[in-house]
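Number of protein chains: 2
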Amino acid sequence: MAAWGERLAGVRGVLLDISGVLYDGGEDGGTPIPGSVEAVARLKRSQLKVRFCTNDSQKSRRELVGLLQRQGFDISEGEVTSPAPATSLILKERGLRPHLLIHDGVRSEFDQIDTSNPNCVVIADAGEGFSYQNMNKAFRVLMDLEKPVLISLGKGRYYKETSGLMLDVGAYMKALEYACGIEAEVVGKPSPEYFQSALKEMGVEAHEAIMIGDDIVGDVGGAQRCGMRALQVRTGKFRPSDEQHPEVKADGYVDNLAEAVDLLLQHAIK
Amino acid sequence: MAAWGERLAGVRGVLLDISGVLYDGGEDGGTPIPGSVEAVARLKRSQLKVRFCTNDSQKSRRELVGLLQRQGFDISEGEVTSPAPATSLILKERGLRPHLLIHDGVRSEFDQIDTSNPNCVVIADAGEGFSYQNMNKAFRVLMDLEKPVLISLGKGRYYKETSGLMLDVGAYMKALEYACGIEAEVVGKPSPEYFQSALKEMGVEAHEAIMIGDDIVGDVGGAQRCGMRALQVRTGKFRPSDEQHPEVKADGYVDNLAEAVDLLLQHAIK
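Going line by line, the protein sequences match chains A and B.
Residue 217 in my numbering sits at position 217 of the first sequence, with consecutive numbering throughout.
Residue 53 in my numbering sits at position 53 of the second sequence, with consecutive numbering throughout.
Next up, chain A with everything else stripped away, as it sits in the complex:
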């Protein structure tokens, strides 16, 4: 593989995944990954542009940012691209009235949305909310629509909490897709529109940007398909087999965000 200097040349902007890169989530709010608080601070003091690009759909952007600030991270709401506000915009633009299968923590993002007489279903990482009864309700709403519309906030397979791996919204999206014979619209990584909106908000072109994430498919593969470079960290949901993934090869594998930032500060900025 080429030297780091070559692989990181011309990088001007950095997109950071949050869960598994900044911190490991958990019922207690989770804990920062060692070195990540300082790494974010160093990155923000550099000439590189920084934006956070998450698929977290359990918490409102405000709640997520508050949690990270309490852990010591230098982060503000305006720096975060997250799927719930993006979905809320789409619903308004298209006049869609959703049946919401979502976590209570993110419900405030949909406060302004009409949910009467639903003509679509929106699912997010509902956690324990993915009961049989709630899934069946969403299924019946879809089956009653002439043209069923299912919007999924991300399509992750799983994520990691302090207690272990957790099924993510993608699994439940697949369940509804199969049961209804439809295909969901995904708002979140790896959707190209989602990465592009984050790049636009950062003001950097894809070829000048690098994604740092723990998900080989959603973060690394998704960013690369948009023309960005991407590093995988060996934290969060990372598994050793990811480095031999049959379809996706990261531009580099690093132990954690701290190492990624070391390399970026050394090689991207000349």
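Some hints could be false.
Heads up, the list lumps identical chains together, so a pair's fine if it works in one copy or across two of them.
Stated by the list, open to error - Calculated cross-link-like contacts (lysine to aspartate or glutamate; reagent style EDC-like; alpha-carbon spacing at most 20 Å):
hint	residue 1	residue 2
1	137	161
2	147	242
3	160	146
4	49	27
5	137	63
Since the hints were derived computationally from the structure, they do not count as laboratory data.
Please build the complex by placing chain B on the supplied structure of chain A, with the hints as guidance.
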């Protein structure tokens, strides 16, 4: 379409789906579909061989047969091919120790199976048992295995109860397949091995047999791929769009089992 006489010529054996053909299930035990009790009785008095072939995985065979007998059906345990006993045999043959994600009603079928230190996951229609916690447990068992084995009792998308459509095990199978990046082994319709075992137990060749079911894909498509003929009834989970299914065309559509039996007694037997 050819006349019924031509379509039904040479039929010697009939495979009957149970739910949606004999009765509509429900929390109260369900209710017989009008005409079906008499239709089964007439079929059994004829020269045609009859066998019941179900994907029901919520109830033990004994419980299912008892429920049908109380509704007036002439049916015995030995006449029923159902996925739980078939799975139990497979587990024994292959020395598999399952983690069971199943309905309590069917647990007795696995009484003789060692479930310690599981090396596979078996899922069946668990109904309310498909909680997030139970799904996550099954997911973690699979992710901890070097070669994850997932056995699914059927892969139905949904079925119909008196209260409405209900998500079936297939949706949850897809969720685990996606989350783990694996493919499940299906025991039940439309698996060819499953139809073939039912045919063998009935003692009839595929080209001499006809399947009667309410599921255009699982019953009709599955039976046809095995070389059988198949009728779809307009009861149970039948939806008008099934008659224009893009991939599967039944050898005939009938209003209910009673009409199917009328036609069989008139045209199959000369």
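Now the hints, each set against the structure:
{"no.": "1", "hint": "137 <-> 161", "result": "between (28 Å within a copy, 14 Å between copies)"}
{"no.": "2", "hint": "147 <-> 242", "result": "between (38 Å within a copy, 16 Å between copies)"}
{"no.": "3", "hint": "160 <-> 146", "result": "between (37 Å within a copy, 19 Å between copies)"}
{"no.": "4", "hint": "49 <-> 27", "result": "neither (32 Å within a copy, 58 Å between copies)"}
{"no.": "5", "hint": "137 <-> 63", "result": "neither (28 Å within a copy, 28 Å between copies)"}
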